[in-house]
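Asks: Got chain S; can you put chain R on it based on the hints?
Sequences listed follow chains S and R, in order.
My numbering applies: residue 1 is where the first sequence begins, and numbers increase by one.
My numbering applies: residue 264 is where the second sequence begins, and numbers increase by one.
Hints are computed from structural coordinates only; laboratory data are not their basis.
Please read all numbers here as calculations on a predicted model, not as lab measurements.
Careful, some of the hints might be misleading.
As the list claims (entries may be wrong) - Where chain S lies over chain R, by a calculated footprint (3+ residues, C-beta under 8 Å):
1. 468-474
2. 514-528
3. 555-565
4. 569-577
Each residue gets a CB set at the ideal place from its N, CA and C atoms; glycine is no exception.
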Amino acid sequence: MLRTDRLTLAYGNTNVVHELSLAIPTGRISCLVGPNGSGKSTLLKGLAGLIAPRQGEVLLEEQPLSLWSRNELALRLAMLPQKPIVPEGILVKDLVALGRFPHRKWWQRDGREDREASQQAMHMTGVESLGGRPVASLSGGQQQRAWIAMALAQQTDILLLDEPTTYLDWGYQLEVLELLVDLNQTRGLTVIMSLHDLNQAAQFADHVLVLEDGQVKAAGVPGQVITETLLAQVFRVRGAVTLNDEGRPYCIGRGTAKGLHST
Amino acid sequence: MLANARETHKKPLLQRTSVLLWFGCGLILLTPWLGLQFGATDLSWQQVLAGLLGEGSSHVERVVMDLRLPRTLIGLVIGVHFALSGWLLQLLTRNPLAEAGILGISGGASLVAVAAFVVGDWIQPGDNPYAGIPFALQYLPLLAMLGGLLAALAVYGLSLRHGGLSPLKLTLTGAVLAGMLHALTTGGLAFWGHAHTELVAQWLAGSLYGTTWEHLEALLPWTVLGLIGVVILLRPLSAMQLEDEHARSLGLHLNRWRAVALVVAALMAASAVGIVGPVGFLGLLVPHISRRLAGSGLVVQCLMCTALGATLAVVADTLGRAIFAPYELPVGVVSAALGVPFFLYLLSRQP
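Isolated chain S, as found in the complex (with noise of 0.2 Å):
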């Protein structure tokens, strides 16, 4: 199970997150949401403990962060940045073989075994037929699913998303959630990932937690979390919150809720 405990990031002097604790729960899908420079990239990446906290920690199975080492982090946690850059030129196959990277020592190559998971890694996300074809030449939906194939040739069992689907036309995005969906149900992973749009969040995921300035506002599943009163209060946003017949919210925005601040 990944936690924090009292976790402090911050960039120079500026805290980012602020005393947060909060637990991720395992094999489920946990959706980030909050406004902008709420925190949630800076709390991905020290999930992923690629920030040192300034204080509190981080801990994956109850030992923090700290104390494990880069490559043994590397083989239960995978994570795919917002703007991954694609290598000059590279093939498909080859950037989700990069995946396999935390499986070899630095003297070792590739084998059987490494081109199996990759292969198995290409084939659930759907980009097998793709394998002979340079990255830079794939649509985003594509590319997108490329680079999952390369988290899950991983082969970790949590996996960090930062906005998975920023820069992506709406069924690409939809077609990246289900697929994640997909693999959390078959696979069991544990999927972490930092959302803009709230009504996707609340379709897809099982734990929503919102932040703001670096702390949680609210935790839970997204029936409980997504109400009005958090629209105004987190998002200045006047809205309405409806449930659907599978009992997820659905948000519609009326306009900002600056009218609404003062009562």
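Replies: Just chain R, lined up with the frame of chain S:
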């Protein structure tokens, strides 16, 4: 039809690894012949062959064995040094314009080497600046390397920010430092003035003129060391192509491996600078052509760089000897003449 059009894409020119390797081997075997065949003395290929086999006249043997063969071999080796150094630096900085000259490594190496010439001349004035250095030729690559390494570390240190390294900042810092080091070198030379300005100026242009077996012996240990370094770096380099945090999330100790790559790149470039002076643009040109030919696989890229770097250096040197014979153009001038248009072309394609 649309789907069909989507399927087609630019394939690397020579796709199969075996074809590439034969191509590379062919180049490496054929180009030395250029260096042996052409020069101030007209020799037939039979004479060159006889000279190589030790069956020619003493004059032919002297020309082939003492002048042209070591010069050609050094050309091959420094070509590999500059090309692999550039290849490493471009991967390391994720910047296609990176190269030992542009990052200040050659500048640091030159400054220290020229300082060694000056000090050597001061201790023991003579006709040959190499001979003036009491601690002998084999230390020159080492000294130049220290200079190159110091420059590289300075650039690296100045570009670090929040514990990360921005490729853009690295390149800009390098360019500024390179300019400063160049000014210091030229200034030092002007100040020193009297004795061997001409010879050192030629060395500063990057020249294979007058290189001997001793130069080759002084250089080869560093070649071996550098090649070992490159082999060790192959796997980390594959992850270094990704964004910093992405690479670290794969378990890569990024700053550690980056430092190793920088040291190996500085070692290869600066040790070559110590022997033949700064030859610019080989390190820029060769990795690009190699990537075009070899595609994205790092192992094939690296082999291609080795073959093409060696080839291009010898070709440039031979051209420099042939164009205005009996006068010589330093190899650095020829490679710059080839490289500058290419550099401008790359710049124009930068987003």
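Asks: For every hint, state whether the structure bears it out.
Replies: Checked hints:
no. : hint    : verdict
1   : 468-474 : violated (count 0)
2   : 514-528 : holds (count 3)
3   : 555-565 : holds (count 3)
4   : 569-577 : violated (count 0)
The structure fails to meet hints 1, 4 from the earlier list, while all remaining hints are met.
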